[in-house]
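Trainee: Sequence:
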Amino acid sequence: MALDLVPVWTVILGVGVFLYVALDGFDLGVGMLYNFAGSREDRNLIMNSIAPIWDGNETWLILGSVGLYAAFPLAFAIIIPAVYFPVLLMLLALIFRGLAFEFRYRDAEHRTFWDHGFAWGSALAAFAQGLVLGAFIQGFQVDGRHFAGGSFDFLTPFSVVVGLCLVAGYSLLGAGWLIIKTEGELQAWARRLGRGSFVATTAAIVIVSVWTPLSDAAIAARWFSWPNILYLAPVPIITAALVWYVWRALNSTSDFGPFVGSLALFAMSYIGIAISLWPMIVPRHYTLDQAAASPSTQAFLLIGTLFLLPIVLVYTAWSYWVFRGKVRADIGYH
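Residue numbers for the sequence shown follow my numbering, so the first one is 1 and each next one is one higher.
Any given hint could turn out to be false.
Across the chosen pairs, the derived CB separations fall in these ranges [what the hints assert, rightly or not]: (1) GLU185 / PRO7: 45 to 51 angstroms; (2) LYS326 / LEU92: 30 to 36 angstroms; (3) ALA220 / GLY184: 44 to 50 angstroms; (4) ALA218 / GLY184: 49 to 55 angstroms; (5) SER151 / VAL210: 26 to 32 angstroms; (6) ARG106 / ASP143: 23 to 29 angstroms; (7) GLU41 / ALA220: 48 to 54 angstroms; (8) SER225 / PRO52: 45 to 51 angstroms; (9) ALA218 / ASP107: 49 to 55 angstroms; (10) VAL199 / TRP278: 14 to 20 angstroms; (11) TRP244 / ILE311: 34 to 40 angstroms; (12) ASP107 / SER225: 54 to 60 angstroms.
In silico SDA-like cross-links for lysine to any residue, where the CA-CA straight-line distance does not exceed 20 angstroms [claimed, not checked]: (13) LYS326 / PRO52; (14) LYS326 / ALA51; (15) LYS326 / SER254; (16) LYS326 / GLN187; (17) LYS326 / ARG40; (18) LYS326 / ARG43; (19) LYS326 / ASP42.
Derived from the structure by calculation, the hints contain no laboratory data. Even glycine gets a Cβ: it sits at the ideal position worked out from N, Cα and C.
Kindly produce the complete structure, drawing on both the sequences and the hints.
Mentor: Structure, rendered in structure tokens:
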């Protein structure tokens, strides 16, 4: 009997997407907070806090997209046409953000323009990702094995709200990262912005958590039918405890507490979405098994993935270890 590799690829894809959200999420958040800094010196420090690792974080976006294409081609063929425009917006924003990052140092005459480009590119990329997520949760119009909806079906009140929610959440992650990497008045500034982002993120979690089951009877039944409501109760309870923890950490002297707690909040939200939609990869139409590539294709791809994935993980961990500690004005990106 052939080994079922769908669970393996589900874990790889799920972990890859979460690592992208967590890692690129905080540096997009740093970019969104960047323009609120009061001085050029502070902006230089903020930029230096992510300079060594920001482009490596986007490796996980490639893993997630290629993994979806290779291991679940039917899902890729339906989802990508449905969210083509927000994906295009995201990629253009990420490209312009990268250009702004580089040209800020090399084109001093137009530094203000590149500063705004970096901040707005970060915000647009985050918002576009939220549009994709909102459209995915709501589901797509499918005819057989093809997307049958319109080009702008992704644009709904729910997806716009999810987009704004992700902007708030990434801002919280960004503030948490700056609390780790800075000190003194700049760290106090990051805590103040973190508290504002925290309030918006908490409201976002509540809004999406209520709106999602109200919009889909199947999701509501999964969460609130008996005995599911008992089995799934730890998810909202742990989330509420994390909300309390992050707020306490933002109002304390902890350097790592706000960031670690915010990552845990994202993890619980991620788990909540997975519970709502499982085992669908094209919501309301196709399960993971139905959308998966042939076993031979999955096995062939898995060989390369299991070779490369540990290298990427080790390199990522090594990068963060080498560039640990506080950023300083005399050491930075040039």
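Trainee: Give a verdict on every hint.
Mentor: Results of checking the hints against the structure:
With their beta carbons about 49 angstroms apart, GLU185 and PRO7 fall inside the hinted range of 45 to 51 angstroms. A beta carbon spacing of about 34 angstroms between LYS326 and LEU92 agrees with the range 30 to 36 angstroms that was offered as a hint. For ALA220 and GLY184, the hinted distance range of 44 to 50 angstroms is satisfied, since their beta carbons lie about 49 angstroms from each other. At about 51 angstroms, the beta-carbon gap between ALA218 and GLY184 stays in the expected band of 49 to 55 angstroms.
Distance hint check for SER151 and VAL210: the Cβ-Cβ separation is about 29 angstroms, which falls inside the suggested range of 26 to 32 angstroms. Judged by the Cβ atoms, the range 23 to 29 angstroms given for ARG106 and ASP143 is violated: they are separated by roughly 50 angstroms. For GLU41 paired with ALA220, a C-beta distance near 52 angstroms keeps the hint of 48 to 54 angstroms intact. At about 49 angstroms, the CB distance of SER225 to PRO52 agrees with the hint of 45 to 51 angstroms.
Here the CB-CB span from ALA218 to ASP107 is close to 53 angstroms, well matched to the stated 49 to 55 angstroms. Between VAL199 and TRP278 the C-beta distance comes to about 30 angstroms, which lies outside the given range of 14 to 20 angstroms. Look at TRP244 against ILE311: about 39 angstroms separates their beta carbons, and that is inside 34 to 40 angstroms. Between ASP107 and SER225 the CB atoms are about 59 angstroms apart, so this pair conforms to the stated range of 54 to 60 angstroms.
Annotation: proposed proximity of LYS326 to PRO52 holds, straight-line Cα distance about 13 angstroms (limit 20 angstroms). Taking the CA atoms of LYS326 and ALA51, the gap is near 13 angstroms; set against the 20 angstroms cutoff, the hint holds. Under the criterion of a C-alpha separation no larger than 20 angstroms, the hint pairing LYS326 with SER254 is consistent with the structure, at around 14 angstroms. A C-alpha spacing of about 10 angstroms is found between LYS326 and GLN187, which places the hinted pair at or below 20 angstroms, so the restraint holds.
The hinted pair formed by LYS326 and ARG40 meets the criterion: a straight-line CA distance of about 18 angstroms does not exceed 20 angstroms. For a cut-off of 20 angstroms, the pair hint linking LYS326 to ARG43 stands: about 15 angstroms separates their Cα positions. Proximity of LYS326 to ASP42 is assessed by CA-CA distance (about 13 angstroms); at most 20 angstroms being required, the pair is judged to hold.
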